[in-house]
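Asker: As a plain string of letters, each chain reads:
There are 2 protein chains.
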Amino acid sequence: MNRYKCIIAYDGSDYSGYQVQPKKRTVQSQIEAILTKMHKGTSVKISASGRTDAGVHAKGQVIHFDSPLSLPEQKWEMALNSMLPEDISVLSVEKTAPDFHARFDANGKEYRYFLYQSPKRDPFQRKYAFHYPYPLSLEAMREASSYLLGTHDFSSFCSARTEVEDKVRTIETIEIIQEGESISFRFTGNGFLYNMVRILVGTLVEIGSGKRHPEEIVEILEKKDRRYAGKTAPGQGLYLWKVFY
Amino acid sequence: MNRYKCIIAYDGSDYSGYQVQPKKRTVQSQIEAILTKMHKGTSVKISASGRTDAGVHAKGQVIHFDSPLSLPEQKWEMALNSMLPEDISVLSVEKTAPDFHARFDANGKEYRYFLYQSPKRDPFQRKYAFHYPYPLSLEAMREASSYLLGTHDFSSFCSARTEVEDKVRTIETIEIIQEGESISFRFTGNGFLYNMVRILVGTLVEIGSGKRHPEEIVEILEKKDRRYAGKTAPGQGLYLWKVFY
Chain A
15 MNRYKCIIAY DGSDYSGYQV QPKKRTVQSQ IEAILTKMHK GTSVKISASG
65 RTDAGVHAKG QVIHFDSPLS LPEQKWEMAL NSMLPEDISV LSVEKTAPDF
115 HARFDANGKE YRYFLYQSPK RDPFQRKYAF HYPYPLSLEA MREASSYLLG
165 THDFSSFCSA RTEVEDKVRT IETIEIIQEG ESISFRFTGN GFLYNMVRIL
215 VGTLVEIGSG KRHPEEIVEI LEKKDRRYAG KTAPGQGLYL WKVFY
Chain B
15 MNRYKCIIAY DGSDYSGYQV QPKKRTVQSQ IEAILTKMHK GTSVKISASG
65 RTDAGVHAKG QVIHFDSPLS LPEQKWEMAL NSMLPEDISV LSVEKTAPDF
115 HARFDANGKE YRYFLYQSPK RDPFQRKYAF HYPYPLSLEA MREASSYLLG
165 THDFSSFCSA RTEVEDKVRT IETIEIIQEG ESISFRFTGN GFLYNMVRIL
215 VGTLVEIGSG KRHPEEIVEI LEKKDRRYAG KTAPGQGLYL WKVFY
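In the order they appear, the protein sequences are chains A and B. First residue of the first sequence: 15, per this note's numbering; consecutive thereafter. First residue of the second sequence: 15, per this note's numbering; consecutive thereafter.
Honestly, I wouldn't trust all of these hints.
The list cannot tell twin chains apart, which means a pair is met if one copy fits it or any two copies do.
Derived lysine-lysine pairs resembling DSSO-like cross-links, with alpha carbons at most 30 Å apart [to be verified]: (1) 134 x 73; (2) 89 x 134; (3) 237 x 59; (4) 54 x 134; (5) 38 x 237; (6) 181 x 256; (7) 225 x 89.
Calculated from the structure, these hints are not laboratory results.
Extracted from the complex, chain A is given alone in its bound form:
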């Protein structure tokens, strides 16, 4: 058996998320179907660094799988890309150590969230960014970000539907970058809870709009209760950008 590590990108618009669900079009089921076909019907399962939700995109998701085939890396990449639908692309394939694990070996991730701040709707952004028509204070959002950096219990910024018990995570960096009407939020950290980036962005936007003060972040963190944070920002603005090993 050989273990392969792949970096993949996908447009999540037409998927019910990453993970296999009965009767739904998911990224995992598309890739597993192609691999199973390449293995003449023998089922091949893949493992990812983590799930992404419906409509969420990936520029650098990482998966691994095992195969008795020992094709050169270039050949794997070409074969997979020739069979995958156009909204998934394999960016690289690498033969890796037999004990490499896309999820358990990940020691950090970068997520980016794109918002376009304009009174006009842009039909080209509707699936790729969150449309926010009102003014936003970058200064207020950057001040709020400073309270989020470092190691905290992020229970307030985690969907109540999660099963994870330990909600302590470390956010290394938060950058908020404006380019014309586009505002991108870039988060790196050792791990992110379910819906965490979307709730962080939703809360930062409420601060940027003036509805809340930047210092409220301190209180929200202390409460350890989802109800104190802001709304969950929509999925189509979110990109799993990079996984660190």
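Use these hints to put chain B onto chain A, whose structure you have.
Answerer: Quick look at chain B alone, frame taken from chain A:
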């Protein structure tokens, strides 16, 4: 009756082009249905600066229509945008002269064509640019462009399916701009024939790839025969960018 001029943008991905066709989803039929609803069932027809094909986009298409309603311009814009699907956006509404005509008064247009030149597929570009995986010489394409500038009979760069008789047009400018893996072709001129921009780009790409010499443009123009030009580049890379009056 009031005549209104609107600038609209649309993502053409999910449309069978601009113009009404039986049982097809088209941009014109979407807008006319909304206007007819606003006029309590009285049919309202719109006229555009010109058609766009299936999958072709618009950043600045212009249409006009007549209405007995005299809403303020802002109200028209809000009402239309609230009812239109998310892949069409009304950028502006202006009350105009009763004899203004979106098509006959246009005295120039700008089209842009986007290509991404990369060995890797990009799932985010598949509906918005033409993927070309091989190297291209910008120098050769720019030299070829210089032979296209000015007033010529563009019969060789026009779909054989056209009904237009006079195929003389003037191209004012052609700019070819590379930004990272993206190459944009920007054309301005007094008018463009059916499929003209896509055939121009298809031919320029054949020149950029080294399959043809830049000077062949002169011969292709002289032949006045579609068969001498290059392939028609795919529709998803094309944007009607601006209409001049």
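Asker: Go through the numbered hints given earlier and state which of them the structure violates, listing their numbers in rising order.
Answerer: 3, 5
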